[in-house]
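K.L.:
Residues per chain, in single letters:
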Amino acid sequence: MFGSQVFGRLLEGAATTVQVTALAVLLGTVLALIGGVVGLSPSPWARALVRIYVETFRGVSAIILLFWVFYALPIMLNLFLSPLHAGVLALGTNMGAYGTELVRGGIKAVPRGQSEAATALNMTGWQRLRHIVLPQAVVTMLPPYGNLVIEVLKSSSLVSLIALNDLMRRAQSLRINGAASTPEIFLGVFILYGAMAGVLTLLVRAAERRFGRGMDIGRLARIVK
Amino acid sequence: MPELDPKSGPSPMVRLEGVTKSFGDNVVLNNLDLDVAAGENVVIVGPSGSGKTTILRVIMTLDQPERGRVWVGGDYLYHERRGNDLVKASQNHMRKVRGQVSMVFQHFNLFPHLTALDNVAIGPQRVLGLPKAEARRRAMELLERVALDLQANQSPDQLSGGQKQRVAIARALAMNPKVMLFDEVTSALDPELVGEVLNVLRELATSSDMTMLIVTHEMGFAREIADRVLMFDEGRIVEEGKPDDIFRRPTQERTRSFLQAILHH
Amino acid sequence: MTSELRAQGVPQGVWDWDFALEILPQLLRGLVVTVQATLMGIVVAMVLGLVLALARRSRRRLISWPVGAAVEFVRSTPLLAQLFFLFFVLPEFGIVLSPFLIGVLGLGIHYGCYTSESYRAGIESVPRGQWEAAVALNMAPATKWRRIVLPQAIPTVIPALGNYLVAMFKEAPLLSTVTVLELLAASRNIQSVSFRGMEPFTLAGLLFLAVSLPASVLVRYLERRYGYARA
Numbered sequence: 226m227f228g229s230q231v232f233g234r235l236l237e238g239a240a241t242t243v244q245v246t247a248l249a250v251l252l253g254t255v256l257a258l259i260g261g262v263v264g265l266s267p268s269p270w271a272r273a274l275v276r277i278y279v280e281t282f283r284g285v286s287a288i289i290l291l292f293w294v295f296y297a298l299p300i301m302l303n304l305f306l307s308p309l310h311a312g313v314l315a316l317g318t319n320m321g322a323y324g325t326e327l328v329r330g331g332i333k334a335v336p337r338g339q340s341e342a343a344t345a346l347n348m349t350g351w352q353r354l355r356h357i358v359l360p361q362a363v364v365t366m367l368p369p370y371g372n373l374v375i376e377v378l379k380s381s382s383l384v385s386l387i388a389l390n391d392l393m394r395r396a397q398s399l400r401i402n403g404a405a406s407t408p409e410i411f412l413g414v415f416i417l418y419g420a421m422a423g424v425l426t427l428l429v430r431a432a433e434r435r436f437g438r439g440m441d442i443g444r445l446a447r448i449v450k
Numbered sequence: 025m026p027e028l029d030p031k032s033g034p035s036p037m038v039r040l041e042g043v044t045k046s047f048g049d050n051v052v053l054n055n056l057d058l059d060v061a062a063g064e065n066v067v068i069v070g071p072s073g074s075g076k077t078t079i080l081r082v083i084m085t086l087d088q089p090e091r092g093r094v095w096v097g098g099d100y101l102y103h104e105r106r107g108n109d110l111v112k113a114s115q116n117h118m119r120k121v122r123g124q125v126s127m128v129f130q131h132f133n134l135f136p137h138l139t140a141l142d143n144v145a146i147g148p149q150r151v152l153g154l155p156k157a158e159a160r161r162r163a164m165e166l167l168e169r170v171a172l173d174l175q176a177n178q179s180p181d182q183l184s185g186g187q188k189q190r191v192a193i194a195r196a197l198a199m200n201p202k203v204m205l206f207d208e209v210t211s212a213l214d215p216e217l218v219g220e221v222l223n224v225l226r227e228l229a230t231s232s233d234m235t236m237l238i239v240t241h242e243m244g245f246a247r248e249i250a251d252r253v254l255m256f257d258e259g260r261i262v263e264e265g266k267p268d269d270i271f272r273r274p275t276q277e278r279t280r281s282f283l284q285a286i287l288h289h
Numbered sequence: 029m030t031s032e033l034r035a036q037g038v039p040q041g042v043w044d045w046d047f048a049l050e051i052l053p054q055l056l057r058g059l060v061v062t063v064q065a066t067l068m069g070i071v072v073a074m075v076l077g078l079v080l081a082l083a084r085r086s087r088r089r090l091i092s093w094p095v096g097a098a099v100e101f102v103r104s105t106p107l108l109a110q111l112f113f114l115f116f117v118l119p120e121f122g123i124v125l126s127p128f129l130i131g132v133l134g135l136g137i138h139y140g141c142y143t144s145e146s147y148r149a150g151i152e153s154v155p156r157g158q159w160e161a162a163v164a165l166n167m168a169p170a171t172k173w174r175r176i177v178l179p180q181a182i183p184t185v186i187p188a189l190g191n192y193l194v195a196m197f198k199e200a201p202l203l204s205t206v207t208v209l210e211l212l213a214a215s216r217n218i219q220s221v222s223f224r225g226m227e228p229f230t231l232a233g234l235l236f237l238a239v240s241l242p243a244s245v246l247v248r249y250l251e252r253r254y255g256y257a258r259a
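So the protein sequences, as listed, match chains A, B and C.
One point on numbering: in the working numbering, the residue at position 185 of the first sequence is 410, and numbering is uninterrupted.
One point on numbering: in the working numbering, the residue at position 79 of the second sequence is 103, and numbering is uninterrupted.
One point on numbering: in the working numbering, the residue at position 61 of the third sequence is 89, and numbering is uninterrupted.
Extracted from the complex, chain A is given alone in its bound form (with noise of 0.2 angstroms):
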């Protein structure tokens, strides 16, 4: 079918898909914590804050977030930004700004209960988050936060629009030196996307079944919308 040339070189442009998009999901995910924690601040100020930061970053899309990481950050900043600096800070950032939402939203569903029996074991606000809040919140969060992964890596491959050499611009390059038919080379293209969102599907829900233990998933999931 097709040779194996043909998709080793596919492959290794998976390899820096999968090299972005874990870079900009690490980014992201302590955006997102951060985001979502300070927007529950009784400060009006951060929660203000954090309000600009998720509405700008949600607002503009990943495309053109990227190009102006690209393009214009540098200069504005006076900085050298590389195609792989850029594809993660665009993603990274645009992906907490929707998490800040997910993650603020499963903390408020942590029964108001558990936050005060760990007040009344008096423990400080950040000890109620870490060993109390958090954990619980965790487990409602993660199906969507699975999706939001999966958006990342598909977003991953706008960076082959800025040069980068991921699964989609392997496949572009191979398509203009004519090493493969075009419908082949789509194949492999899909075939490995596919695969990836697969893994990552089957990752989650593995999290799922590790932090859920003990926790009845049926009435949390009935909780959170």
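Honestly, I wouldn't trust all of these hints.
[Stated by the list, open to error] Label-pair distances were calculated between CB atoms; the ranges are:
no.	chain 1	residue 1	chain 2	residue 2	range
1	C	Trp173	A	Val424	45 to 55 angstroms
2	A	Leu258	C	Tyr254	45 to 55 angstroms
3	A	Arg337	C	Gln40	54 to 64 angstroms
4	B	Gln115	A	Ile259	13 to 23 angstroms
5	B	Pro155	A	Ile416	49 to 59 angstroms
6	C	Leu56	A	Asn303	25 to 35 angstroms
7	C	Ser86	A	Asn402	40 to 50 angstroms
8	A	Leu302	B	Gly42	51 to 61 angstroms
9	A	Leu428	B	Gln115	13 to 23 angstroms
10	A	Val243	C	Val71	31 to 41 angstroms
11	A	Pro267	C	Leu56	39 to 49 angstroms
12	A	Gly338	B	Asp57	24 to 34 angstroms
13	B	Gln115	C	Val60	54 to 64 angstroms
14	C	Arg252	B	Ser211	35 to 45 angstroms
The hints are simulated quantities; they were obtained by calculation from the structure and are not laboratory data.
Ideal Cβ positions, reconstructed from N, Cα and C, are used throughout, including at glycine.
Following the hints, complete the assembly by docking chains B and C onto the known chain A.
P.N.:
For chains B and C alone, coordinates are given in the frame of chain A:
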């Protein structure tokens, strides 16, 4: 009332001075004054929505009063001294004073992601700073005391209501409190499970020198273990006295009608 | 030196207001195309979504199974790949379409797969009793759908459709990669010709926010009004 001074002689373990708390238009605690002596077992009864639970929640800092002062075991809870004045307390100060109080809730509020043992151990480990092994040892002793040592490694969803509440009591005891608050701890239980929880409470009331404030509908139990009974309604103490006096010779009409309703249904 | 260059019309500094104003009309024209593609795309997605939802509910496994697999497949792979696929592969099968139409098709198919889930949730939210009543009244299937089920299912789907409309608008700039002259294409053109990236991309972002933020507010209002179909 004169201000209490941490350095002066014996003072009440818990004191509420002119405490007022409203939720919107609803005045739940109305200029409340209350003294509880060290080691005293006080039972608070009254109709639903009368604010009994709020008294406990104010002492546990779950609800903050708009007016008034709260004193627990040696210092003010919501205020601290600066020179000759009383100012609003810092978080640190509040936590220091609050650390003497523990609470058991009507709906247990056990941590579902932890085993029974870890539920009891987490307070000593994370808040009191005990090493993990020692915290777990202390937790195991307490679980034995409430007859749940065999269930130590089960998670809360595997326990019955009565068992959950006993774990909750053990969890509260693990913090070595001077004051324990019990908010209708048997109201959410099936009738056949109430007894096992009351047994634990009875043991605590009679054997320890802990100060206990108990909100309950279990009148028989109240009569048995209370040093003092408070009848609470519409934000105020309607009547208070020894259990026998309240239950057999209530002087207030409201007390009488409440007891009628609850004892004869 | 800078003032001489500026006098000759060469933009200077990190941000040049004159340049920004100069390129604005071109960007606005591109924005119009982006919006057009989005609106046409949502129409395709709405129709296709309903068709797919009905197909997936079909009792004939031969229909429901492949359709289900295809929908999952489209949802798990990037829109960019799907657009390129349509752009490069369709001509090989003799189908020649304008880039704009290819873009609209690509958007419509991709989001049609998402909306089909919303339709399914909406249809499934219609209480069992309604279906049974239709059977008891001996209604023909078409009538049952037209008069009983869809009128109850559709309102719950509206907020989800609104959400997808906004999401589609955010992905519409991908059409620039298949040579559609919309907003992002305009910005990239300006950048490659003038070597200035600051103004074109910042303005593109601001114009984008100017459309997507009010649209999001509108969608949130729809959510409150019509409830939420859990997909």
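K.L.:
Hint by hint, say whether it matches the structure.
P.N.:
Verification of the supplied hints:
1. Checked against the hint of 45 to 55 angstroms, the pair Trp173 (chain C) and Val424 (chain A) fails, with Cβ atoms roughly 39 angstroms apart.
2. Evaluation of the 45 to 55 angstroms hint for Leu258 (chain A) and Tyr254 (chain C) yields a failure: the beta carbon distance comes to about 32 angstroms.
3. A hinted range of 54 to 64 angstroms holds for the C-beta pair Arg337 (chain A) and Gln40 (chain C), which are about 58 angstroms apart.
4. Range check, Gln115 (chain B) to Ile259 (chain A): Cβ separation about 21 angstroms, and the 13 to 23 angstroms hint holds.
5. Between Pro155 (chain B) and Ile416 (chain A) the CB atoms are about 53 angstroms apart, so this pair conforms to the stated range of 49 to 59 angstroms.
6. Taking the beta carbon of each, Leu56 (chain C) and Asn303 (chain A) are about 30 angstroms apart, inside 25 to 35 angstroms as hinted.
7. For the pair Ser86 (chain C) and Asn402 (chain A), the beta carbons lie near 43 angstroms from each other, so the given range of 40 to 50 angstroms is met.
8. Between Leu302 (chain A) and Gly42 (chain B) the CB atoms are about 58 angstroms apart, so this pair conforms to the stated range of 51 to 61 angstroms.
9. The beta-carbon spacing between Leu428 (chain A) and Gln115 (chain B), approximately 39 angstroms, falls outside the hinted interval of 13 to 23 angstroms.
10. Our hint of 31 to 41 angstroms for Val243 (chain A) and Val71 (chain C) holds, since their Cβ atoms are close to 36 angstroms apart.
11. About 42 angstroms separates the C-beta atoms of Pro267 (chain A) and Leu56 (chain C), a value consistent with the hinted range of 39 to 49 angstroms.
12. A hinted range of 24 to 34 angstroms holds for the C-beta pair Gly338 (chain A) and Asp57 (chain B), which are about 29 angstroms apart.
13. Take Gln115 (chain B) and Val60 (chain C): their Cβ atoms lie about 55 angstroms apart, and the range 54 to 64 angstroms holds.
14. A C-beta distance of roughly 36 angstroms is found between Arg252 (chain C) and Ser211 (chain B), which places it inside the suggested range of 35 to 45 angstroms.
In summary, the numbered hints that this structure violates are 1, 2, 9.
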